[in-house]
Structures are given as structure tokens and as C-alpha cells.
Amino acid sequence: MKSTTVKSNWFSSLFSGFRPTPRFVRAVDLAGQWAAPIMILIVLLVAAIFAPAFYNPTNLRTVAIQFAVLGIVAVGQTLVLLVRSIDLSVSAVLALGAVIVVQTEAGNSLIVSLIQAFAIAAAIGLVIGLLVTKRGVPPFVATFGMLVFIQGARLAYSKGQASGTVPDLLRTISIEQVGFIPAALIVWLIVNLIVMFVLRKTRFGRWIYSVGGNPFASRYAGIRVDMVMIAAHTICSVLAILGGLILSGYIGYVDLRLGADYNMLSIAAAIVGGTTFTGGRGNLFGTAAGVTLLVMLLNLVVVLGLSIHWQFAMQGLVLVLATALQGFRQFLLSR
Amino acid sequence: MEASSASNHSNNTILELSGIDKTFGGTHALADVSFDLRAGEIHALVGENGAGKSTLIKIITGAYFPDIGVIKIGDDSYSSLRPEQARNIGVSVVYQEFNILPELSVAENIFMGDQPRGRLQLIDMGTRNKKANELLKRLGAENTINPNDLVKNLTVGEQQLVEISKALATESHIIIMDEPSAVLPSRELERLFSVIRKLRSEGHGIIYISHRLNEVFELADRVTVLKDGQLMATKDVVDTNHAELVHLMVGRELTDMYPPADNQPEDTLLEVKDLDIDGTVFGVNLEVRTGEVLGLAGLGGSGRTTVCRALVGLADVQAGEITYLGKPAPKNAGAASQAGLVLVPEDRKTHGLVLNQSMRFNLSLPNLLQFVRNGVLRAGIEKEAIENMVEDIQVKPPNPEMLAESLSGGNQQKVVVGKWLLTNPKLVIFDEPTRGIDVGAKAEIYQRIRDLTYSGVGVIMASSELPELIGMSDRIMVFHEGRIAGELDRSEFSEEAIMHLATATNGNEDQPAKKVEV
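Going down the list, the sequences are from chains A and B. Our numbering puts the first residue of the first sequence at -14, with every later residue one more than the last. Our numbering puts the first residue of the second sequence at 1160, with every later residue one more than the last.
Think of the hints as simulated: they come from the structure by calculation, not from any bench. Virtual Cβ for every residue (Gly too), placed ideally from N, Cα, C. You may find that some hints are simply not true.
What the hints assert, rightly or not - Covered by chain A, per the in silico footprint, the following chain B stretches (three or more residues, Cβ under 8 Å):
#: 1; region: 1264 to 1278
#: 2; region: 1338 to 1352
#: 3; region: 1485 to 1493
#: 4; region: 1520 to 1526
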């Protein structure tokens, strides 16, 4: 090679020198898997230097509760992404749960309200699942339509006013602590352990990965692909409403904007944690790491006294960077 | 004869690869390979799956960068190429999977990258159609293909001509054809060959990849054999023969591809009566017995694959009865595999494997119930079963955690077969069991099918390769346009007899060609 004249333009020569060694690919691979944990450490360090108030116990408790809410919603979103779908309606379902409980509390017992809330969430998930599988509506469209519909229905029902007193039980879950651990965090932990177990140790878990990896081959292997997708969407909606209940318990009232960011946040958390948009890859450890990172960053914006709008810029940035890292990994593997 | 006519304008090398090395991870995909192509030559590239043919092609087209080596095109040397750079200096590929947009017209597809422009830089449709027609004329297809036709309405062979026209439109002088014959019904083959010869006579250099050695002898001037990433030989076709090429490819003699058929068919396993499916299959009757291989022949689109899918509950049956083990057959693929009725599908990448998961995951997929105790998957039970199966089917490398996408085609096919064997089937339906896999893997699959019949399993084998149908089947049923055109017993087997029934035209090939089923 050295003896011949090598003709190519600057761009090509820039890249022709760039042949990833197996070690380099592995490094990027590891970086992708560990991106979220590493970033978490960096953020913790930055916080210690520039915003020690972050470590204030009151603030840490706020972070823990935000973590629990987003963590629960992101578990559902991860399941949906794993089956190669997406759910843009989680924010609306989350807010709806709060409204149902708060509004009906006056007349009904809390148990009835809770059952109502979960039943409605399951029905929403079921409808989305049916639209996606039986009618072939793209998940983006089905869930976005559902988002707008639920928001509209909620506003019409609540007449757009912030209102309500949150039932004591919810306030307890969101505010009380078991020892030094907030109760909400325990709810998150239970949800995670159950879903992790299902994903790793049951047939349904294998089906989720299989359907996301290749729906056609799954069908040939005798898996009822439609059922798996409908189930994933139903679980996602139910978890979204659970997140909404805890969030409303923490905030203490319900307003228009409640939960509005959770579509973006739950998707970003899953993607940062290594779940792919193309389905069949990802796990809940990654998602938990992604949630931690996002919640800490969101909180730092507040603690550092920056404009709250920076939160949005940051969410978008994190999502794009995480997706870009995945893309880079694919590029390297294809070389 | 073909070879001698070509040597007139040989020795005019247009492409030269020397000392090409490429490794992926730990595997040496190409080791010190050299290759050259002359103007006005058809140079065949043969080798088993995983021999390095695709890697070599991808280096020429710029999809991969070589680790070491020089690519010389015309008078210029390159250490590596980028895809658009390769295109600009005249390299084109006609892939097995066409790179065309079905909803657009022929002319739009041909000039996809560079539509002829008129005033205001708007697309000049008149000129475009005229130019498209000229290209089609060069291929002798101006009477069968209209530039305004939508590509989706063309036969597979015609679509392939559109692909070739695309290559000509970019003024390519190096045209690579990746198994062009694999997708074609045999009646369209002759036209493809004459087009390729036409391109040669115009002075193009053609790299022709195929698994079918008789095509190499019919068409090519020189042939290069790769094996395990090594260059085995480059020879003039007139100086070699079939046996030598096989020997170079596999490194061993393959005397008996087909194991002896001394199996004993017994009880009826499956019976199909008057099966009608959605306007593609009409009134099909068939019967399979234990220990029997029933061959299903027929051109692409004749209903073979649809019937196979219907038997395991993967197609909507309009009318008719399917009886399996004396009872109505299961209605979905899950219940069918529980009952021991399984389909090894035609397209392993789309229908057979979850490519981004491990070999273990794929082998387990239809067998998860075996590994479940009290509703929980037991990793130990799974591991043992999978390790036994990996050893049994001889996948290389025998690492269950290897991703399915990183296996070669033959090994992927073994995994697909293995995952269904693990269900302990009573009736296995193989649809094109050896498509696009190498000779060695083929022989292993045939032996596997024969072993199944010895243990009393019934086998249905749908295939478009007549030699394997004849070599393996006890009976052959021939499909023609969704109906069974006839049934042949072992004593009546011959390629002519099958083709006669499959075309139902007494050997005249004047019918419109069929599209290949998806």
C-alpha cells in the first residue's frame, strides 16, 4: 500500500485511516452501555462542586419522588419500545389518573376511584394495542391521537381548572418514608422487580424481545404477536396511571400542565439506558440509569437557579445524544 | 465456445485488487486475496457461504474498507473506496434483493439518482422516457417493458432488467451481479444470460456470483474460487471442470449428496382435502405418511409456499379440510408446533430468525414451554437442551451466545432447522430448505431429513431445485397456478416430467412468467 499512489479526496482519506479495531468497537460498545452510569457520576461530581444544595436532604427527597414517578412510567415505555412500538399518550394517561382520583374523591370511596382509574388506563392501553395490531395504525399516530383525545376529554371534564384535594392515602405514599426511604421509591422498586422478573424469567418476557426483534419470525414461531403487543401497551398505560397517582399525591393538587413532560422524559430515559427505537434491545437496569440521569439533570437546572425552560433544552439534547451514540455504535459494527 | 469469443478483447484489465486483507472481530474474512477483471469478460466468483465473496464485493463497492491491499480501477489506485466514489468511477451492483421502488415507474427507477433535467431544473419526462427506452433497447427488452410501467407490475425477471438498466444509466463499466439467477424462474434465465452476454460484447466487465456451477460453465470466461477467505484459484473456464471447482470450493469430494432412500412410509399423518386459499390455491388434495418425504414442486407463485403456510395455520383457509393425526389440524402456528406440526420457512432471515438475538434465544423460541417449571423459565434446563442441540446440528462456532446475525447463511439455516427439531416434531415441512446455502451445509440438511424419516417423522419438502426433489422425495406433487398438476412416483421422476407438469405447456415456454411469492 505504501508504494502505490493512493488517490482519494480529503474526506475519504480522513475516514480511510479510521478503521475501528475490535478493541475500539468494544470500547464504544461499553461506553454505550455505561454512558448513563458514567454521566450520573459526572453529574454528581459537578453538583458537589457547583450546587451543593443538591445534596440537601429535602432536595434529595424531591429527586427521589420525581425519580419514582418517571421510573414507573419509563418501565412501561421501555416495554412498549421493546416491542418496536412507542407510546406518546403516557403523559395524558398520567394526568387523567390524577384527575379521576381527585375529582371523584368527593363522592366515591378511594378504592372505587382507584379501580376506575386503573380500569380506564387498561382500556386505553387495550384500544391503542388493538388500533396498532388489528387496524395497522402506526403506533406514533395511534398514541398521539390518543394523547390529544384524552387531554381534550380531561379538559372538558375538569373545565380546565386546577382543582382538587388529593386523598390522604396518595399523599402518604408520596410523602411518607419507610426509614429514610420515601414510600414512592418502594413502589418503584416493586414495579421494577416484578417487570424485571417477567422479562428475564417468563415466556412472556422472551416473547416481548422476540416480537420486537422480528415480528414475522415470532409469528412463524407460534407467538401471538398481536396479543404480546396489546399486553405491552396495556401494561404501559396502567403504569402511566400509577405514576400519575403518585405524582398527584406529591404535588397535592391537579393542574393543566401536570405530567406534560413525561412522554419525552420516559422515551429519553429508556433510550439513554440503551433501549433502541428498532425494538428487541434494552433492559430495565439501563432504563433506571437513564431515569436517574434525567431526573438529576432536571433538578440541577432548578438548584442552579437557571431558567426552568432549560429543562426542555436539556431533555432534547440528552435524547439526541443518546440516539446518536447508538447510531455511532451501529456504524462501527458495520465497518 | 463462449470463452473463446471473449478472449478477443481480453487482457485489458479494468479492475485489479491485490493483497486484500479484511478482518471482522477475530475472524479473517479475506486473507491476501487478489482478483482482476478485464473489459469484455464475465468473471464468475464462486465459493461456499462464508467464503468471503460478499466481503470482496463490498470492498469493491466501498461498503467496507480493506485492512490491507490496493484497489486499482483503470489507472488509479485506491487504498479504499467510499460508496459514492465507487459509483462515480463506474462500479454497479445488481443485488439479489432489488434496490428499486415498486410504486414508481420504470423510467423513474432507472434514473433514480440523476433524473434528466430540462428548463428551470425541472425533470424532463420526455427525455427521461426516451433515454430509458434506449437503455431497455440495449437489453433487448424495449418490447416487453414500457418506461411508464410501474415496477410493481413487472415480473421478477423484468425488475431485474430495470436494475441492470440502472447500472447502465450511471455509465458503469464494472457490473457485479450477486446471484442473479437465484430469484428467477427458469424460463427467465435464458433472457438474463443473453443480456449478460450482450453487456460483455459491449465491453463491460461483469463479476458473476452464483451457487450454480452449471451457469458458470454456460456463461463465464474465467472463474475465481474462494474458500474460508482464501483465494483458491483463478482459472479459465475452458481449462477446468465441475468436479475440480467443487473440490476447490469444499476441499473434499462430494460423491453422495443424497443419502439412500430406504425409508418405509407407513400410517397417514396428514390429509388435505379440497383446500382453497384466498384466490391463490384451488382444490388441493394431498396426503403425507410417517417416514415419507413428499416433494412439492412448482414455479414461484404456483401456490407451494402458500399451502405450506396453511398447513401450520399461517394462511387464511377459505374452504377445505386439513386432518392431522385423525383430527382437524391446529388453527395457529403455536398450537401446530405443540402438536408436532412445524414449518421451516423459506426465508430464514425474515421468517426464521430474530437476527439481533443469540443462537440460544432463537433455538429456544418455540420450545420455551419445555424449560418452564411453575411458570418460570429455568436457565439450567434451557442451557442443557440448547447445548445438546448446538452440538447435534454442528453449528460453527458452537457458541450458543453468538448473535444469529453474525452466523453465515448455512449456519443460520442449521439454527432454524434446529429450533424446530427441538420441538420433537411428527411432521416437518421444509420450504426451500437449501436456498442460498453451500454444498457442505446442503448435504448435512439432506442427511438430517433422511434421519427424520427413519425415526418415523413425515416430511414435506417444497423446493424449486429439481435435483434435490428427485434425490430426496418418495413422491412429488407438482403445482401449477394454484392447482396440483400431477403426482409422480419415484419410478416416474425426471426433471423433464416435473417441468412438463409445472409449466403445463408441453415444454413450450410462452406463458407469462410468474412473480416469486413473498
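Earlier hints that do not hold, by number:
1, 2
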